[in-house]
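K.L.:
If you want the building blocks of each chain, they are given just below.
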Amino acid sequence: MLPPDKNDPRTGTLIETHKRHDWRIVSFYPIVAVLLLVIAAGFAYQQLFKTGEYTESEVQQSQRRILTPGPRGEIYDREGRLLVGNLARYAVTINLDELRSEFRRTYLITRRKWREADDKNIPTSAELWRIARGAVMQNYLDQVNEIIGRDEKINDIRFRRHFNQQLLIPYTLIEDLTPEEYARLVEQLPVNSPLRLTATSTRYYPYGNTAAHVLGYIRSSDDLDAEGFPGENLTTFKMRGTTGKDGLELTFNEHLQGKPGYTIYRVDPAGYRIEPPLERSPALRGKRLNISLDIDMQQVAEEKMGDVEKKDGYRGAVVALDAQTGETLVLASNPGFNPNDFFPRLSQENYDRMNTLRAWSNLAIAGRMEPGSTFKIIDAIAGFRANVLHPESVYYCGGTLRVGNRNFACHDGHVHGDISFHDAIAKSCNIFFYRESLDLGAQPIADEARRFGLDRATGIELPGEIKGNITDPIMRRARGGIWAGGDTVTLAIGQNETVVTPLEMACFIASVGRDETRTSPTILHDPNRRPLHTEPIGLTPVQRRALVEAMRETIKTGTARILTNPRMRDLNLGYLDIAGKTGTAQKEVWEDGKRGIINYAWFVGFAPASDPRIAIAVVLEGDVPGEEVGGGAIAAPIGGYVLKKYFEKHPEQIPAPPAQPAM
Amino acid sequence: MQLKRLVLAKPFLTLAICIAAWMVLPFVIKRAARLTFFEFQAPIDVSAATIRNLQDYWAMRTRDPNELIEAGKEIARLNSFYENKIRETKTLEAEVARLEELLRLPVFNTYRAEPARVVRRDYNAWWQRITIRTGRTRGITVGAPVIFVGGVIGRVSEVGLYTSVVDLISSPGVRLSAVIETDGDHRPVNFQGRSSAAFSNATGTLEFVPFDIYIPPGETVRVVTSGLGGVFPPGLSLGVIKKLEPGADGLFQSAEVSLDPRLSAITEVTVLVPLNPPEPPKGAAQ
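In order, the protein sequences belong to chains A and B. Under this note's numbering, think of the first position of the first sequence as 1, with each following residue one higher. Under this note's numbering, think of the first position of the second sequence as 1, with each following residue one higher.
The set of hints was computed from the structure by calculation and includes no laboratory data. Don't be surprised by glycine CBs; every beta carbon is placed ideally from N, CA and C. Mixed in with the good hints there might be a few duds.
Interface residues of chain B toward chain A, partial, derived using beta-carbon atoms under 10 Å [claimed, not checked]:
1) Trp-22
2) Ala-49
3) Glu-207
4) Gly-227
5) Gly-229
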């Protein structure tokens, strides 16, 4: 072996030696140091300055928030009876995160079977996962089916959507279990099964159609108010809640709506949740609502209107108020609907039926109708106050009265001859009030109606209230129209563009009962509510007595005498002291290009006449042009039944019969 | 040195081999082994119970004869009382059957009563169960309801040839459908046993109680079986509740059910063997 050549740069050894301070190497030191510093600075920057951002990002990726709606509060009537409650709705659900291993196992088995079958059309991995998950779910559903005897199938589309979008929320296998089915599952499903028995609540209206327009209805909603809840930036899953859509459910939606609860979970990379939750706050129940309706009276009103509707097809409304406080005892509108039909969704059949019957509208607050002869009370008050009318006033009724170039007939074409104020009210003589209105003028009558608030919404706590309309010469002329004598007399009998709602009329008659001008109605019940005190009407005691006596006579011998007819066993209210007035208004309608007249039948009254406790307004709308719908014959009996029910419940308010003179 | 290490590791190796062998054993063999163990264990439990009974018997024999005579008389009186009650019950049953026939009411799931002595109690924080001296030979089936003088005691969870294991209603593994006696609508609620602290009374949990059910302060209300679940007949007492509290979900109320204190000292039970096994309701699917 030759000795190494010292001049040969290839030394042949494995060890290279360099000079200690080779400038080429030294120059790398600062470069490496700078690079290391840059890396360290980068790490420090990420660690120290971007910690918050990364933490937030990590939280967003690994945490999910679930919002659960709170149950709505109940609604009770004035006697504490449940009008709207929550009914248990039993469901069987399954937590998908508990099935992860089962999904995986089934996926592997499925894939193996496909491979063993040597099928060239083997599904893709995603399809195999879908098949496996579907099979597992159906297997659990079959367990449930076997116990309760159903034959339910997994809805593949719905399940896939749930899996992809709402993995954290338990999947509902069956949501409409009957109590019996629920009980069977409670006893026969193993406690440690991934199947969970849950109970949610659904809105329940125990009285069905009764007071439906007042109570309203709800619809499903995803709009949960999560304001102030932690985890605002987290991906949030919302369980479906409900929201009020009409009636009290809408007006008091915030009051009734409970506070949603939330749960924050940590999730794994696949999106399955990891128990236990990081944070949780239970949903809170909504507040209860006590309303002033008396459900017994409401039922009577709706039942009697329903009878009329079945027999004659008339729509209508009944409003009864506590005459002293303005609390609404009855607020009925017919035809109605069953709020239970609205949840989870209204069927097409029910929707069509409601449209056909025009059942959506609450006639009690949104029905604008001509008041007819009930408006004569306004005429009388206006006349008394203007000193044009006196309790002893007499006008001649010849059956018709020519005003301008038109003849105006009396009520039902009667010829009353010389008729007093007392009889004119009781018998509803039109000619008397035509003459009186011509003496008085239209403006004072319209002003008086406005003083009672008949042209304003009452402000009751219900949605959709419409205000009435009072026409007068000033308004007509302001619009460029002409006011003729014929307009005055039609105004006097509650026609001629004058429209009011049944609620306005009930408030008006309650005010008359108290000898005041305004009644603010409320649907809320307060046992300590103070009696209303508003501006007095301003009648002298003699005028007041004359008006009330005439209204009493209406019930005894006048147009509403059906209420004291001894032959009406069911409805002989002679023992009550009622003051009332009937009315029959006409409205022009056009049907198939033909002009027709339909009637509105009215009854308004208060009782006891001497110290009113209840005021009532009833109206029915005829459905066939030309058909006579009389207030005394049809509306008064409905009012009578409601009054009868009221005094059955408050016998202490029935006035004592006058003492018989000693023989 | 290596040999010594191997000798020292021998028990661990054996254990590991046994575990590995158990893991690869077919399921059928595992199940058979478990059942055999249960069947072999059963005579030991029965013998222990018999010995305990003998101890009690001899302990009684040491008492004063007059005391025993008095006790015998008391038993005779009780027997006579129960004989009368049995006769009364039979008359009432006949009357109920007659009225059911007359009104064409559906016949409830009927049961055969199978009395049994308790041979072993097993209480701990996680489950509470008893072993009773009756089994497959007497027609006992898994899931059969078990009752005692105070109402429901639990349900059969395992059945051997001559013994059965009963999960008590105080066990979290037992769930059944109950009703609150004052609820006129008889709405089913969820009853489940609850782990209780040592030496405290057995309790259960009632869930999904509707909010309109109210218990006046100071009153106690009985909770009974609903009879809707297809396992337990209706009206059997589960316990009492004193107050209802809003549930965690805000939707329903929940309550703690105080179970019968005699549950922990029970010596004899009755298994209700269903004559017609529960079937799913026909035509329930809508």
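K.L.:
Of the hints stated earlier, which fail here?
P.N.:
1, 2
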